[in-house]
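Colleague: The chain contents come next:
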Amino acid sequence: MRNREARSRVIMVFATLAILAACHTTPVVPTPTPVVPTPTPVVPTPTQLNIRVINVIPEAMSAETNQDSEPNLAVNPANVDQIAASAFTPNPVSATGNAPIFVSVDAGETWSLNPIVQSQRSTADITIRFTRTTNTLYAGILRLPFPSPNTLRMSIQSTTNFRAATPMTVLVDRTGPDQPYVQATDIAGSDRVYVGGNDLGLFPGRTATVDQTVNNAATFTIQRIERRATSGQDLPPVRPAIGPSGVIYVAYLGRRVGGLSDVVVVRDDNGATGANPYQALIDSGDGQAGVRVVTGRNVPFENFQHANLGQERLVASDLSLSVDPNDSTRVCVAWGDRQGAEVLTLHLRCSIDSGQTWSAGDLRTLTNAKNPALAFDSQGRLGFLYQSVEGSNAAPRWVTHFERLGQNFQQLDDTVLATVPANTPAPTFLPYIGDYVHLMAVDRTFYGIFSANNTPSLTNFPQGVVYQRRADFNSQTLQDFNGNPVNVSIDPFFFWARE
Amino acid sequence: MIKIMIDTVRRWALPIVCSVVVLVPLARALGQELAPEESVLKEAEIVLVGTVVGPATLEGAVTAKGEAVTVKVEKFLRPEAPSMIYSFEGGNVTVQLREPGSLGPGDSATFYTRLGSMGRGLTVIELAHILIPDLGAMEERVMAAAAATESALAGLSNSELRARIQQADVVLLGRVTAIREMPAAALATEKQGPLSEHDPMWQQAVVEVQERIKGLEGETRRISVRFAASTDIRWFRSPKLTVGEERIFMLDRDRDVITAVALARLGVDAAMGTLVDRKNVLAKDQIERVKSLLRE
Chain C
1 MRNREARSRV IMVFATLAIL AACHTTPVVP TPTPVVPTPT PVVPTPTQLN
51 IRVINVIPEA MSAETNQDSE PNLAVNPANV DQIAASAFTP NPVSATGNAP
101 IFVSVDAGET WSLNPIVQSQ RSTADITIRF TRTTNTLYAG ILRLPFPSPN
151 TLRMSIQSTT NFRAATPMTV LVDRTGPDQP YVQATDIAGS DRVYVGGNDL
201 GLFPGRTATV DQTVNNAATF TIQRIERRAT SGQDLPPVRP AIGPSGVIYV
251 AYLGRRVGGL SDVVVVRDDN GATGANPYQA LIDSGDGQAG VRVVTGRNVP
301 FENFQHANLG QERLVASDLS LSVDPNDSTR VCVAWGDRQG AEVLTLHLRC
351 SIDSGQTWSA GDLRTLTNAK NPALAFDSQG RLGFLYQSVE GSNAAPRWVT
401 HFERLGQNFQ QLDDTVLATV PANTPAPTFL PYIGDYVHLM AVDRTFYGIF
451 SANNTPSLTN FPQGVVYQRR ADFNSQTLQD FNGNPVNVSI DPFFFWARE
Chain S
500 MIKIMIDTVR RWALPIVCSV VVLVPLARAL GQELAPEESV LKEAEIVLVG
550 TVVGPATLEG AVTAKGEAVT VKVEKFLRPE APSMIYSFEG GNVTVQLREP
600 GSLGPGDSAT FYTRLGSMGR GLTVIELAHI LIPDLGAMEE RVMAAAAATE
650 SALAGLSNSE LRARIQQADV VLLGRVTAIR EMPAAALATE KQGPLSEHDP
700 MWQQAVVEVQ ERIKGLEGET RRISVRFAAS TDIRWFRSPK LTVGEERIFM
750 LDRDRDVITA VALARLGVDA AMGTLVDRKN VLAKDQIERV KSLLRE
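Chains as they are written, first to last, in my numbering: chain C, 1 to 499; chain S, 500 to 795.
If you're looking for bench data, these hints aren't it; they were derived computationally from the structure. Mixed in with the good hints there might be a few duds.
[To be verified] Pulled a few chain C residues facing chain S out of the computed Cβ check, cut under 8 Å:
| id | residue |
| --- | --- |
| 1 | Ser94 |
| 2 | Gly97 |
| 3 | Gln233 |
| 4 | Leu430 |
Backbone N, C-alpha and C fix where the C-beta goes; we use that ideal spot for every residue, glycine too.
Chain C extracted, bound-state conformation:
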């Protein structure tokens, strides 16, 4: 009896305490979702932005007329005088020799061609990147020849001396992935390399993958990052971005049944070194790894020359991703899709909560444009490089823009780097100017590269331009060593921009 009373008293005490505790609980306030500030109306403010634009083609190649499209760029963060550039430039003397890169050791003022990439004559895709401190240059390429006509051959190569005539070392050589896009860093002297790719060897299936090494290139592993069902494949661009403290983001275009696509961003907070990498971001809608920034977009895949897009093709390759080097919660993505009757529209959206939520609307929307490339500088400013077709139908021009956005993603300025004829020269092959370009930053300086018609005209390059190859700006003609005229072609143009 006493026991039963004692038990009742104990129960009463706990019940009273529970009620009191409940009454004193702080009212539940939902965790505020970080909101990307709405950008102010576009009022470009004049800034003291110093810009230098340099044609990459060396003097010794003055007679060349190649279509040097789809350029890429690697600035050595440990020594910004050392820069490598690439394009669809063939070996100038051999159908079986190595593919070349361009190298500069004076911060891009002058360039030399160095045929050290192990691919026959040229590559079929190439991106390049230096590590942070170890002076190693990595390349992710489609290597020629392919083993069979319907099989892609992806290769990852490296060199610790990009100035030497020694061919790059082949680290990976496998079939399947398309459009290898390399990013590299190092932790405690050990290189980490992440190569996004669309592994068509997995077709039909989830093809967005990352080939990566986290042990100084001793071994590479293949990480499949698509978690959702696809139409049979994802689209070509898979773009990694390396943030501070081991944070890695990857953006890709998930292609769904029916043909529409999602822009998806995955994240890993430990350099993708764990057993289940790239699963730090969970979509609040379907609970899957990988936040869908937007869904159901029409991303055109039209592998033919477009008269209304400056002779370029559309192969769903317009995607760029960048993370703030000092704040991994700030990340931006830009992509291209089709809106109404426009041939291609670029969109820019950003997140300030590590990719969990994104700006509800576009921070920038650009019509008739392609080749977005993003990069944060050390001040948290976002650089945005893109190319758009402007002007009349009779005289269209490829206009290369470099915009900067501030800490709150408000537009700071919009600088035209080049405005060149879009209807000449005729394409030799596709892509005409490239399926993508590249922008990066070291400290406060942005470095970028784009391809364009190389007519030597200061009107075409409003910020000025430097040619190493022989050119007469008065007569607007290119010349070989003997003064003979050389036909206009597509060249890669390097630039840097800093305040």
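We have chain C already, so just place chain S on it with the hints.
Modeller: Below, chain S alone, put in the same frame as chain C:
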């Protein structure tokens, strides 16, 4: 006695000097082959005839090991013109020597090289060289060296073509009469593939056989052959066939099983495989050369 000695010297001095000037280089030349071994010929991307001007400093972004010399280029023998390097004909290039000290100022040679770098100038890396004897005018020496090398290169070219002819299942002279999209249902192993910007975009050419050179049965009058219509960076150099053109084709038979119905649908007697190498298509005027190599 003194007079006899003077006469003797007068009589023999000129021939002795001439022998030293003429025979020594000739002996040096005769001691070597006129062209390097075939492996060097195959590997050499740039072959040039030139004269060493003096030592060179390897400048610019690309570094190199060993000794380098400046060479005045008299003539490029490879690659074939047009090539952007022909701007350097008559000018100077830098040659990174295979063996330091092997050549000095005034030495003329045929240089077998591969591309080093192109910056402000052209740098090549020597694989081998053949000294040119210091006989006659420079023009004559260049012509002699060029003739020897061109002969060797032509031999190599014939040897490559012979290998292609031997490797091909079928060699024929034919005229393209139609171009068709690939009929996916006609081929058992064809299926809808993934979207890729590097898709070859196969098309089928119908070729009317004008002359059977190798491997075709007598009753075969029309064949089909696949080619890549894509102009992607991967494919733009592969042969593109157009209706009406007459060519010599070196082809492999299709390894897939082609049904008689499929052949009838294509309107051909036999199906060939894919044609992706432009070296397997020759101009019509090469037919006698092809036949001759086939007979060897």
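Colleague: Now, for every hint given, state plainly whether the structure supports it.
Modeller: Structure-based check of each hint:
1. Satisfaction of the interface hint for Ser94 of chain C is found here, the shortest Cβ-Cβ separation to chain S being roughly 4 Å, below the 8 Å cut-off.
2. Taken as an interface hint, Gly97 of chain C checks out: its beta carbon lies about 5 Å from the nearest beta carbon of chain S, inside 8 Å.
3. The criterion of a C-beta within 8 Å of any C-beta in chain S is met by Gln233 of chain C, whose closest approach is roughly 5 Å, and the hint holds.
4. Hint status for Leu430 of chain C: holds, given a least beta-carbon distance of 5 Å to chain S, under 8 Å.
Violated hints for the displayed structure: none, as all numbered hints are satisfied.
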